[in-house]
Each structure stands twice: as structure tokens, then as C-alpha cells.
Amino acid sequence: MDAAAAKLIGAGLAMIGTIGAGAGIGIVVNGAVQGMARNPDASGNVQVNMILGIAFAEAVAIYCLVVALLILFVF
Amino acid sequence: MNSNSKNRIFGIPNRYYVLLFLILLVLAQIFFPPVRPHVQLPAEPILHYPVFQGAVTGQFFWTNTLTAMVIADILLVLMALTVRRVVSKGEMVPKGITGAVEAILEMIHNLTETTAGKWTKAIFPFFATITLLVLVVNWMELIPGVDSIGFLEQPRPGELGFPIKPVTSNIYTLYQPKGAVQTIQAGDRYTLVPFVRVLSTDLNFTVALALISVVMTQVIGLRALGPSYLTKYFNVKTLFSRPIFGVIDFGVGLLEIISEFSKILSFSFRLFGNIFAGSVLLFVMGTLLPILQSPFLLLEFFVGLIQAVVFGMLTMVFMSLATIGHGDHEEGHAS
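Residue numbers (my numbering), protein chains in the order written: chain H, 1 to 75; chain W, 1001 to 1335.
The following block holds chain W by itself, in its conformation from the complex (with noise of 0.2 Å):
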């Protein structure tokens, strides 16, 4: 009986709201079938307006991701307040999504427990930290009305446009005309800038990311190891002990700096790219198949999830790495 009254909201069974929500998809579908949005790489700004004007940033805009930003972190603050208020009540069964939180970090914990060993301390927060701000921006993409709802505007160059047509007095939709877009006048047509977008899809952000996971990689192994460090990328070592081999061990510990920038690179591409495809097979699936879309919803839920996790986890792989020496020596930290 328990675990009956579990699966009901209202009192109605939850499957009564998995048919109703296909109805309302057919529905919504044929009254207002989708159009195919305009690909947009960089982030749309939504008020037309610099928010501040900077002699080193230049102007300002607030883009539709940011706002996606200033959403996930009250969620995430939202989230440990929660979770800090069931805590400090002293409950030794954690429910809903104290359970939840407490099985992430559980894992991530353990997790950077068998690979950092001692430097645990330094490294669990950096992991924690990226993986649940990188998991509740990658799934806003799946709330329904993040990259559909917004402003209308006049499309910008290069761009068609689609007419609009009335949903209620002052809310209009895009929608496909019978003949070519081309036929309706110029002033006509309209594109539409979404009120809120994914954060991945904004490279700033994955930089952004990318640097503080680089640069934090570097911070931990100084304190680690100390200056030698440095000898890492400037093996001076065996420059003089082996007088040919020398030269080329520091070569290599040159080649070390390159691979750091190509760190940053692959992070900041790897989560953009993969999200950005992400929403962009959203789009298309859901013109194409606008009712069959929903299995890309779980794809792109998997994609999200497992991003989230391999940026946090390549973080601390690497910050671990960084903590033992480089030599042929104090190894065995790693599981």
C-alpha cells in the first residue's frame, strides 16, 4: 500500500499524467506544429542594452545564458540549503533529494578516495563542485521552454524569419507558411530569442571552466611537491648528467606546457560540443518528429549526465596526477 500511495500525485495515479502529456504533445503538435530554429552559435544578448560598459571588458550584454547561469546557481544554492537544513536536523535516513545528494557525493568522495589518496581534501571540492554545476546546467536543457520561449525579433542578417501567428492577445508563435518563407514580406517575419539557453552551448562558460580546472591543476601540484614542481615542464634534472638524452628530456618537459593548453582545448570542446549537438538534435528531431522526440530527451539526459561526470572526474585524474612526482619515485598513491 505504501509504495502505491507513492506513485500517485493528487491522488491520481502517475500514469494518468504520462497519458495526459501525450495527449497535451499530439495536441500542441497539431495546433502549433514546431518550425526549425535557427542554429545560433554564439549567445543571443536579450536586452538590447550594455548592462556596463568596461574599459577592459568593453560592453556588456546579458545573454540568454547567463541567465541560464544566474538560474542554475539559485538552484544549486536552493539545493544546499535544503540539504543543510535536513542535516543539521540530525535525520540518519536522508529522503528526496537530501538521499540523492548525499549518494553523489558519497560516490564522487569514495571515488577520488581511491585515486588522490591523501590529497583527497584538496581534490573532492573541485570534482563536487564542476560535476553538480555542469549536471543542473546540462539538464535545463530538457525543461521544457529553455531555447523556446523568448523574445520576438526582427531575424538578423543571413537569417529568414518566420511569419507569426496569435496564440492569446500579446503571446505569438512561429509558424511554417504553406508556400515558401520568402513569399511574406521582409517586415513580416520574425526570429525568436530565447529568454533562457543552455549554458553549454556558450563557449565562455566551458572556457571558463576549462581555465579554473588547468590553472587549479597546477595551484595543487605546487603545494604538493613544491618547486620541483617546475621540473615538470623544465626538466633540468638530467641536463648535465646525461649530456644527449638531457637535452631531449627537456624537450619533452617542454612538450608538457603544450599538452597543458591542450587541456584547456579538449575540456572546454569536449562539454561544448557535446551539448551543443545535444540541443541541436533536439531541434531537429523535434521539426522532423515532433512526438517522437522524447528518446532523444533520454539520450541527451545520459549525454548530460555522463559530461557532467567525465569533466568533474578528468579534473581530479588530472589534479592527482599532479600531486605525484614525476620522477621514479613516491608512486603507489594511485589505485
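Pulled out of the complex, with its shape left as it was, chain H reads as follows (with noise of 0.2 Å):
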């Protein structure tokens, strides 16, 4: 296999950890809607607060990508 092949490989396998940001992203949303559905008046309050959560489980997809970007065009 050579070099090239092989860095294709790599950054493939290393979006494979945006799954675990994919699966909380969802659960946070669910747990956001569901509290806004029950209580419309906090939607504010709740909305802000999900964003932030959304923000922390995207982090983690983003070194993903930041490592498969690396791996394309860096090294």
C-alpha cells in the first residue's frame, strides 16, 4: 500500500469518532425539545443552554476533523 493510499484510509477511519458527536448532539436536542414541549415559557432559557451542550458534543467531531485535515493536506 502506498503512502497516498494509506492517507486516504487514515482520514476516513479518523471521521469515525463524529458517531459519538452525531449520538449526543441527538440526545441533547431530544432532552431540549422535550423540555421545551412541556415547558414553552423556558424555550429561551433552554435554547441557549442546548446550544452550548451542541457546542461541547461538536467539539469532539471537529478534532475528527481537524485530525482527518491533517492528515489530507499536512503530512
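Quick caveat, the hints were computed from the structure, so don't treat them as lab data. Note that CB positions come from ideal geometry on N, CA and C, so glycine has one too. Some hints here could point you the wrong way.
[What the hints assert, rightly or not] Partner residues aside, some chain W positions facing chain H, computed with beta carbon under 8 Å: (1) V1039; (2) L1041; (3) L1111; (4) F1269; (5) R1270; (6) N1274; (7) A1277; (8) S1279; (9) F1302; (10) I1306; (11) V1310; (12) M1313; (13) V1317.
Take the two lone chains, each set in its own frame, and fit them into one complex as the hints suggest.
Written as C-alpha cells, this is what we have:
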């Protein structure tokens, strides 16, 4: 296997980590929507915290993306 | 009638401008089809000689992200001066950019007040500054010409480059040749070094912002709690009163130091990764579906907004957490 093929495979493997982030964002939004449906008055506050939670979960996916981009374009 | 006149520029309804730009987009796509640019992680220097040479900094090159920084700063200062002029006139109902800035700042201030309580005055400036700067910087990605107008240069090692053809007498464009790029001689292939590249795609900028955010969090914590803030990291309160658990508490405190460093990492890579991936997405979509790039521009509009707000909001949340005592007292500041 030459280095170019290994690079592509490695970048693809690095993106597996986004599974967790996807599941995490789903759980966060699930909880937030349920909360908002039960108490629509609190939706502003819930939304802010939901976006914070999504940002935290998404950070992990972004690490994977950065690793994949580094593999593809730097090394 | 009033609302009708607002939707016109030079007496022509706005929808005709949209149509005009759509036709221009199709024409530009037919005559100058876009090429897939080389994805470059570090910022490229536009000037080939160092601007200055320092003992510590080494050679300092003027990169294209630095140009973006200067433009963003100028935009922010102009915005501030405009708002100041309008506010000092004493109008109670601001219009245009002033109204927008007032709405943004009011939202940020209310958010800070509900979370930080009496430390709003100390924390609000960081939240507002970071959000506005990152917002302006991220939205520069959407301006046509950013990332696509620049100098033509010989391709860097490991890069193929593209042949060029003239648009006017001394402006050239890259194009995709009929056959493989390798069939063109190496000297006739060029690569583009843009004048302006989005600032958030430079790790130097995001790491700098993250360092400011995390270091100022410690400063605000020290101001709020005094020396007892340091017990968050070196927890000696229970070291002697509770023989074994005290040691565990001390170890947990040491772990907090590591978590501060991971905050720097996650802050910087979140902004960098989102915006860099967004600009790569725009490159690739511009090549694959040149006419249908517009929905992705809309997506990037929201990503830029959300990342700006998230960076500022996380800074604010960490700062307001730092002002609250670590122990079981002084709670109830958070909403």
C-alpha cells in the first residue's frame, strides 16, 4: 500500500469519531425539545443551554475533522 | 408605499438585482469555470521578504490572514465610530447598523446578566468583543473575492498548479485544461495565493483568542475570590482534616489544571475546525456544483454566527463559573 492510499484511508478512519458527536447532539436536542414542549415559557433559556451543549459535543467531531484534514493536507 | 420604497435600490426592485446576479453567476460559470484550489493549512505569505526580523519572533512575514485581520479591525472601528456618532446625536430609535449593534449588544448583555450577576460589568466586554470580532471575521468568508483573488505564483512542492489564461490585459485566471494537468510544462503552471484569507482558518488567531479567554478567566476568578481561588487548583483545604479523601481532593484539583489547558485546545480547534472545514466545503462545492453553491453560503452564514456566539458565550460561562466559589458556599449566582 502506498502512502497516498494510506492517507485517504486514515482520514476516513479518523472521521469515525463523529459517530459519538452525532449521537450526543441527538440526545441533547431530544432533551431540549422535550423540555421546551413541556414548558414553552422556558424555551429561550433552554435554547441557550442546548446550543452550549451542542457546541461541546460538536467539538469532538471537529477534533476528528481537524485530524482528518491534517492527515490529508499536511503530512 | 413606504415598505415598497425600501425594497428598491436606484429605483429598481431588489428582485431584479437577484435575477441579474443569477445570470452573471451562470455566465461566469460558463466562461471561467472554477478550478479546485489546493487546500493549504498554514497561511501563505503574500510578500516574499520578511516585514521585520526580531530576536524572539524570527522572520515575520505578512500573510494573507493578517490582511483579513487588518480589514476586520478597520470594519469594527468604523462600525464603532458610526454607532458613536448616531448615539451622541441622541436619537431614541436607532436605525440601520446602529439598531443592529444595539440589538446584538442588548442580547449579549441580558445573557451575561442572567448568568454572571454582579460580575456583568467585568465579563460583558470580553463576551461582546470576542463575539463581534469573530462574527466579522467569519462573515468575511462570504464576501466574493476573499480566497479567490490574489497573486499567481509558481506551485509549491507537492502541488500541481493550473495553466492560466488572460481575462483582461494583465488579469489572469486559472483554468482546468482538457487533458491532465501534467501535460502542461511545469513552468506554465501557476497557483493562487489570495490577498485575503479568512482569519479563522489561521490557528495563530484562534489560539490567541483562546489564550486571552482562558487567562482572563483566571484573572477574573482571582479578582472575585482572592487567593482562595487558587484552592480550585491546589486544594489543601481538606488535605489534613480528611486523611485519604483529602489526597484525592488534591489530585482532583491538579486535574483542574489539565482541564484549563484542554479548554485552550478545544476553544481554538472548535473555531478553526468549523471555519476551515466550511471554507473547504465552499471550495469543493464551488467546483462540483458552481451554480448551487449558494445554499452552502447560507449554511456558512449560520455556522459563522453560531461559532462566534458560542466562543463568546463559553468564555462568559467559564468566567462566571470562576467568580463563584468552588466550595459549598456562595452559590446561587448562576441562573
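Structure-based check of each hint:
1. V1039: Result: holds, 5 Å to nearest chain H Cβ.
2. L1041: Holds, about 5 Å.
3. L1111: Check passed: Cβ of L1111 (chain W) comes within 7 Å of chain H, closer than 8 Å.
4. F1269: holds (5 Å)
5. R1270: holds (5 Å)
6. N1274: Given a least distance of 6 Å, the restraint on N1274 (chain W) holds.
7. A1277: holds (5 Å)
8. S1279: violated (11 Å)
9. F1302: Since chain H brings no Cβ nearer than about 12 Å to F1302 (chain W), farther than 8 Å, the hint is violated.
10. I1306: Hint holds; I1306 (chain W) Cβ to chain H Cβ min 7 Å, cut 8 Å.
11. V1310: Status holds, d = 4 Å.
12. M1313: holds (6 Å)
13. V1317: At about 7 Å, which falls below the 8 Å cut-off, the nearest Cβ of chain H leaves the hint on V1317 (chain W) intact, so it holds.
Comparing the model with each earlier hint shows violations of hints 8, 9; every other hint is respected.
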